[in-house]
Amino acid sequence: MPENSRLSKDAFLFMAASAGIDVSGEHGEDLFAIVQATLAGLDSLKDIDVTDTEPDMSFAPEGA
Amino acid sequence: MDALEICYMSAGQLSGLIKSKEISPVEVIDAHLARIEATEPVLNSFITLLPDEARAAARRAEADIQAGKYRGPLHGIPVGLKDLFNTAGVRTTSGSKIFDNFIPTEDCTVAIKFREAGSILLGKLNMHQFAYGPTGENPDYGHMHNPWDPELVTGGSSGGSGSATVAGQCTITTGSDTGGSVRIPAALCGIVGLKPTYGLVSRFGLTPLSWSLDHPGPMVRTVEDAALAMNVMAGHDPKDVASAKVDVPDYTTALTGDVRGLRIGVPEEYFDAPLDPQVGQAVRDALDLLESMGAVVKPVSFPMFKDAFPISTAILMAEASAYHRDLLTKDAEQLYPPIRLRLEAGLFISSADYLRAQQARTLFDRQARQLLEDVDLLAGPTEPVTAPQLLATRVQAGETSMGTTPALTQYTRPYNITGMPAISIPCGFSEAGLPFALQLAGRPFDELTVLRAAHAYEQATDWHKRRPPI
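Protein chains in written order, with numbering that gives the first Met the number 0: chain A, 0 to 63; chain B, 0 to 469.
Please note that the accuracy of each hint is not assured.
Said to hold, decoys possible - Within a straight-line C-alpha distance of at most 27 angstroms, the following computed BS3-like cross-link-like pairs (lysine-lysine) qualify:
| no. | chain 1 | residue 1 | chain 2 | residue 2 |
| --- | --- | --- | --- | --- |
| 1 | B | 20 | B | 464 |
| 2 | B | 18 | B | 305 |
| 3 | A | 45 | A | 8 |
| 4 | B | 238 | A | 8 |
| 5 | B | 18 | A | 45 |
| 6 | B | 305 | B | 96 |
Unchecked claim - If you want the ones that stay clear, here's a sample from chain A, every Cβ over 10 angstroms from chain B, calculated:
| no. | residue |
| --- | --- |
| 7 | 9 |
| 8 | 15 |
| 9 | 37 |
| 10 | 45 |
Unchecked claim - Examples of chain B residues toward chain A, derived with CB under 8 angstroms:
| no. | residue |
| --- | --- |
| 11 | 306 |
| 12 | 309 |
| 13 | 313 |
| 14 | 326 |
| 15 | 331 |
| 16 | 340 |
| 17 | 344 |
| 18 | 347 |
| 19 | 350 |
Think of the hints as simulated: they come from the structure by calculation, not from any bench.
Where is the CB? At the ideal position from N, CA and C, for every residue including glycine.
Only chain A is shown next, with the shape it has when bound in the complex (with noise of 0.2 angstroms):
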């Protein structure tokens, strides 16, 4: 599990219950490993400087 987790296992429980997704046995502890490690990879996108940025949100091409 990395060290810096942004989410607890009793918020994990929570969501996913929230969510209806089972999480009983080895599948829930996969899944939290899964969702911590993903959580962990964005943590660098709070050290681009979006400030003023848009969403890019419709992404409509040129000529869309």
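Given chain A, work out where chain B should sit, using these hints.
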């Protein structure tokens, strides 16, 4: 004519023979069906084969051509569609047994275009389940196998398209590319894969993975065939909300063989990333060759390249999980466990993280476009490694051991984020006989320049003429 030679002819070659009636579409289809029968037990490229339908279509094509109703270069050409392209009356599984009995009532736009061009559908091609992976694993319909070595992956997610094309099972196949799923199997199988500009080829009737990253594109053995396929596939489609209203040129006009004066930028960061030295050398040799042919090759800097993975991950996982959410509540147990984990994990990405990734995407796109103000193309490896072993979770890229997914998508994700056209073409072989690939990317809707450079390089080399040992 020798059946195997027919199977290894390009669409460009076959079309001339079909038009002049030197060869019949029936002969072409029979040759390909025989090739499929001989190789499919090893490769497992197809989920659904359509031999009777293909033979019937070939007889119709033959009759039409004999009657003077020749439709164009793809008339009578064998085509395979990745099994997430909806086909009316033919099951479309998206690589999952959950949809084993799903028979669409309507064709996707790409299928309609190929049919109207007179192409003949041989079948629906195997794929990484729901297109959510870069290797070509599929426990439901069997894993795909690389024709250069069946113990290795084809790459994915359009793995069946890669193996079918390089093994001569199909002349033209299609893929969909969300993080590299056209270019990865093209690179690992040693064929040409073009991810067109976002919005240029309709997504209508394709099972989405990530709405804002999905790009359908052709997978073929020659750059000329990529141009011929694009002449059919490209164009505005009102049924796709992201479809671009742009003029579609004749892409074969790009095939001049001339790269004099073309400016090619090589991001230095691509060679600082984990990379097998053999691959790196092959790509540098390819760039040297282009330079010797008159292109101006120069280093450029793309600092945000390092941010491609988190930007793409946040967007792709969040969008994929949103699209497949119902599956997770109804059919989670039937999903391939790694796919289930990824889809469920995507539900934990917050809206704030998703939107921050989209903000970063704006900056990423801006930086890539600025680079393309000074050069016409960006070049580098398509893959940092050759095809990994089936089910390997880690690969060795130079001195770095890394996860298979981040490795295989390292160089492909940037152009899904920007939506720019990018092509993968063979540029050499390893000591073990496995293909290397060069990736060339251009400005939005400038497929002509991408194809021009790729074709010139291809014509100056013989890599595309090699055949796998199967």
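A quick look at each hint next to the structure:
1. For the proposed pair residue 20 (chain B) and residue 464 (chain B), the alpha carbon gap of about 25 angstroms is at most 27 angstroms, so the pair holds.
2. Pair hint residue 18 (chain B) plus residue 305 (chain B) does not hold up; C-alpha atoms about 49 angstroms apart against a cutoff of 27 angstroms.
3. At roughly 23 angstroms between alpha-carbon atoms, residue 45 (chain A) and residue 8 (chain A) fall within 27 angstroms of each other, so this suggested pair holds.
4. Restraint check for residue 238 (chain B) and residue 8 (chain A): the C-alpha separation of about 44 angstroms exceeds 27 angstroms, so the hint is violated.
5. Of the pairs offered as hints, the one joining residue 18 (chain B) and residue 45 (chain A) is violated, with about 58 angstroms between alpha carbons and a cut-off of 27 angstroms exceeded.
6. Using a Cα cut-off of 27 angstroms, the hinted pair residue 305 (chain B) and residue 96 (chain B) is violated, with the two alpha carbons roughly 37 angstroms apart.
7. Listed as a non-interface residue, residue 9 (chain A) keeps its Cβ farther than 10 angstroms from every Cβ of chain B; the least gap is roughly 14 angstroms.
8. Its beta-carbon lying about 8 angstroms from the closest one in chain B, residue 15 (chain A) breaks the requirement of being farther than 10 angstroms from that chain.
9. At roughly 5 angstroms from the closest C-beta of chain B, the C-beta of residue 37 (chain A) falls inside 10 angstroms, breaking its exclusion from the interface.
10. A beta-carbon of chain B comes within 10 angstroms of the beta-carbon of residue 45 (chain A); the shortest separation is about 8 angstroms.
11. Residue-level restraint check for residue 306 (chain B) holds (minimum Cβ-Cβ distance to chain A is 6 angstroms; threshold 8 angstroms).
12. A cut of 8 angstroms between beta carbons decides the hint on residue 309 (chain B): the least distance to chain A is about 5 angstroms, and the hint holds.
13. Taken as an interface hint, residue 313 (chain B) checks out: its beta carbon lies about 5 angstroms from the nearest beta carbon of chain A, inside 8 angstroms.
14. The interface hint given for residue 326 (chain B) is violated, since its Cβ lies 12 angstroms from the closest Cβ of chain A, which is over the 8 angstroms cut-off.
15. Interface restraint check for residue 331 (chain B): the shortest CB-CB distance to chain A comes to about 7 angstroms, inside 8 angstroms, so the restraint holds.
16. Interface hint status for residue 340 (chain B): upheld, as the beta-carbon distance to the closest one in chain A is roughly 5 angstroms, under 8 angstroms.
17. With a least beta-carbon distance of about 5 angstroms to chain A, the hint placing residue 344 (chain B) at the interface is held under the 8 angstroms criterion.
18. A cut of 8 angstroms between beta carbons decides the hint on residue 347 (chain B): the least distance to chain A is about 5 angstroms, and the hint holds.
19. For residue 350 (chain B), the suggested interface contact is broken, since its CB lies about 11 angstroms from the closest CB of chain A, more than 8 angstroms.
Checked against the numbered hints above, the structure violates hints 2, 4, 5, 6, 8, 9, 10, 14, 19; every other hint is satisfied.
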